[in-house]
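Use these hints to put chain B onto chain A, whose structure you have.
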Amino acid sequence: MRNWRNIGEFEDFLDDGGIVEPNDDIPDPYRKAVFRFIEMHANSEYMGGLTERDWIPKAPGLHRKMTALAKSQDEIGHAHLLYMVAADLGIKTREEMVTDLLEGRTHFHNVFHYRVHSWTDQIAVAYLVDAAALASQQAVFKNCSYGPYKRILRRVIVEEGFHMRNGEEMMLLMARGTDVQHQMMQESINRWWLPSIQLFGPDSKPDDELLRWHIKSERNEDLRDRYVQKFVPQLLAGGFTIPDQDLRQDNENGKWKISDIDWQPLMDTMRNIGPDSSRRISDAKRAWYDAEWVRTALDDATKAQA
Amino acid sequence: MSPDETANELVLAFADDELCVGQNHSWWIAVGPFLEEDLAFTSIAQDELGHARALYSLLSDDLDHIAYGRPHQEYRSSHIAELLCHDWTSALVRHVLHDLAEEVRWAAMLDSTWVELATIATRAAAEEQFHVQHGLTLLRRLLSTPEGQLRLSSTLIDLAPKGREYFAGSDSGLVTSGILNTSLADQERTWMKRIDDLLAEFELNVDWSGEPPSQGRYGTRSRDFSTLHDEMVAVLQIDPLANW
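Quick mapping for you: the protein sequence lines, in order, are chains A and B. Numbering that gives the first Met the number 0 numbers the first residue of the first sequence as 0 and each following residue consecutively. Numbering that gives the first Met the number 0 numbers the first residue of the second sequence as 0 and each following residue consecutively.
Chain A extracted, bound-state conformation (with noise of 0.2 Å):
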């Protein structure tokens, strides 16, 4: 096991890119840190798996179908294996994190509180909210200093990317479609393109914690900026419009700038009291309860065969 001194020493190892393994004697504050933002992202890849789960069984066409099964078992996926790594920091149990989650304790991101009111709504998570929680993901695993978290990273990263190739796939499809095609996922696109925006947070705080333990390596306002700058070419290509009146391009240097953000919707979501927040919550909460007698029984056998 190693350990360190001081939380002084502790960050030195950590500047010089020094990974962090759950057997060292890691310093509670950083431990405490890093179980959040990981049991966060596990919460939200499982809420995620909820939000887009309304619109599988009308996916239009065996393929379509197919695929999106395909990437809500891989949401699913991504929460179970991020359930592990925050359950071995040794803080709560697995148990405890869904326990938490249902019972409105912990939070999840808030694209996940507003509902999918279409087909074209799922395409925009996979194409919008998949990116934006891409480019978050991607800039974690750049230089993140907690191993176990980052090992996961690399597999969601591709898996991500799929989606958000999926996604661009049938946003291009819509943009090519019929009008009544085009004017679905314009509709889609102006109720998801601030929530996507604001995935991102506010900008970050100058002693952002996790910024100086290595466990986010850029800046919220940074990777907003890079993505404002992807997307909006990328739509308005498609034949979109961009649900911000004040967006404008700078004469000389061709970049994009938004309006400013009003931040009181993403405040309600940490508040889960978002557009759906409640029926997302209480439908998983009944499911979860409702099949409790199944984990119990399957405990008895566990038992009662040792």
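Think of the hints as simulated: they come from the structure by calculation, not from any bench. A portion of the hints provided could be inaccurate.
[As the list claims (entries may be wrong)] Some but not every residue of chain A turned toward chain B, in silico, with C-beta under 10 Å:
| no. | residue |
| --- | --- |
| 1 | G48 |
| 2 | T50 |
| 3 | W292 |
[To be verified] If you anchor each label on the Cβ, the simulated ranges turn out as follows:
| no. | chain 1 | residue 1 | chain 2 | residue 2 | range |
| --- | --- | --- | --- | --- | --- |
| 4 | A | S281 | B | N7 | 16 to 24 Å |
| 5 | B | E210 | A | G89 | 32 to 40 Å |
| 6 | A | H62 | B | E210 | 34 to 42 Å |
Idealized CB from N, CA, C, for every residue including glycine.
Quick look at chain B alone, frame taken from chain A:
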């Protein structure tokens, strides 16, 4: 497509069973008893839809039309496959009954003289081993507990006879021509024996004495089918000519 209409009808019925069960399993994403089960049901759902797709491809080049575009009376699915199963107990029981039946049905096609069908059966039979193992392991463990017995026994005893419809329909001439190596009646007997043996481990009995159901095979749809089919085509119908 086979020149033998009975063979085509058999494949269509099997494909429709797979389509309905795949659709039904997909309902369980993210709401199963624990994450591993969410993953298992989602994975099995993909396999079943893959089987449907492979079987439909023997009958038509327009897969989405044959899968989703027929009038209800032209589907040939068994009613047990159409059953919505929005409680996990019946979802698990149907999964076990369905996959045990599939195992027997694919085995009867492994050396089919319809070569493309034999190829599909070989791949599907390999996948089925995992489905069956998953379903049986879980069911046995749960039935070994008092709570599991209480919750599952009546559903098992109630649903098992409905599973006989998996083997309903005509197989006239199919064994002679080598499309099947075992008649539907013999497949049904094999499947019933497997169910009887399984239930006997837990001192349970199924009453097989009733008339075996077969309406689904002749075009009558169960009440649940409309709900299932409405969801399947909800987006396609927004603009049936569009490419989604």
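Structure versus earlier hints, numbers of those that do not hold, lowest first: Hints 4 and 5 contradicted; others consistent.
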